[in-house]
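Residue strings, one per chain:
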Amino acid sequence: MQKFLTVTTTAGRTEIIPIYNLISIVATSDTLIKLNISPGGSNDVIQVTLSAADSLWADATYIQEGSMVDILQKLVIEAFSRGTWSDPYFDITGRIPISINSVVATTS
Amino acid sequence: MLSNMEKFINFKQLNVVKTGTSTANGAAGLTLTDSAALFTQLVLPHAIVWDRVTARKYLVTAVTSDTVLALESIGVDTGTGVPNATAYFIYMPEYTVRQAGTADGTGAFQLIDSTVNFLTAGVKIGDYALDITAAVTAKVTAVTPTTLTVDTDTFAGGDNYLVYASGADDHDVIMRSADVADVSNASADTSIVNTTYEPSGTAVMKVDYAYSSTVGANSDMRGAIQDAVTASLQTAWPAVTYDFPGLLNPAVAVTNATWLGGRDYFFLKIQKV
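Listed in order, the protein sequences are those of chains H and F. Residues 123 to 230 (my numbering) make up the first sequence, in order. Residues 53 to 325 (my numbering) make up the second sequence, in order.
Bear in mind the hints are in silico, worked out from the structure with no lab data behind them. Mixed in with the good hints there might be a few duds.
[As the list claims (entries may be wrong)] Which chain F residues face chain H? A few, computed with CB under 10 Å, are given here:
1. 60
2. 62
3. 119
4. 228
5. 231
6. 235
7. 286
8. 291
9. 320
10. 321
[As the list claims (entries may be wrong)] Take a look, some chain F residues computed to stay more than 10 Å from chain H by CB distance:
11. 85
12. 186
13. 244
[Unchecked claim] No more than 30 Å apart at the CA atoms, straight line, and that leaves these computed lysine-lysine pairs for DSS-like:
14. H:196 with H:156
15. H:125 with F:258
16. F:258 with H:196
17. H:196 with F:70
18. F:70 with H:156
A virtual CB, placed ideally from N, CA and C, is assigned to each residue, including glycine.
Make the full structure from the sequences, and use the hints.
Below, the structure is given as structure tokens:
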């Protein structure tokens, strides 16, 4: 089932974040989160840039309880379980403690 | 139309409570030394130390001082202690630290620290308050922002303390269970299981875990993850996640039996590689 998170960025743009075929969510810095999509080829990583540093991000694990990665994981699960086939979008703008600057697709 | 059912296994991964680099050679002595650490206010016995260079894992048997931990080897690849200049992570599989500091007041059956907020730190009745200075543990019976009432009269101004709760310091990590092509033991490490996905097979999720025993087989965890993949796909909609049910080490002659029966496993790091 095709599902997307939607978010209004700090610039006022509405961005979609595809979450179908999601494998995992990690952070590679305290302001950068990556959603890895199967199969892992070109443009199969969705890169989310935060507007401020996530103080709970830990270089050791890329994820800690209460961090933005932890919160996004829970929102993804909620989106899959609550959305309907005719409504593939799940807005997270008011559900995240740190706003998002940009959403782009990358290769890694 | 190609349409997949989205399913995930939910693992309880331990939080990293301390990272650092060792500053003395603990190899052969079964110790970890870090002159920059303050272990007494972060770590309790039965914490797990992961030597990030040799990948050996240890159980903390005693918090010897602010800068030294006494260790016992766990995992099939046994170690002899953390060598000098080695990066390490520490996890807390039995307890969760709520607050640490130095008491700045004295009251009967009270722990007073005007510089913290015990309520927002999550301290609850029934949690434990360790008086590090006096080496006495009390139980919390009442909580206000700056004062804990405890069942043992031990705290005085100037005492270092650590307040903690029972239960692992962990969080949820999801791993995709749909489109799994293969679950395999890592060839070079006895505590890593890799999960590969269709269609291209390029995406791999790596599960790093720790044994409580020094005896076991990586294939046991591989089998448990395979079973969890199957079970998660069998769960009815709209249950998107399936909680990994855990695994008891089936080896006959487990060691470290005084710690959780020597049969437990702990997830340290789950990530796409």
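TODO: Compare the structure with the hints numbered earlier in the document and write down the numbers of the violated ones, lowest to highest.
DONE: 3, 6, 7
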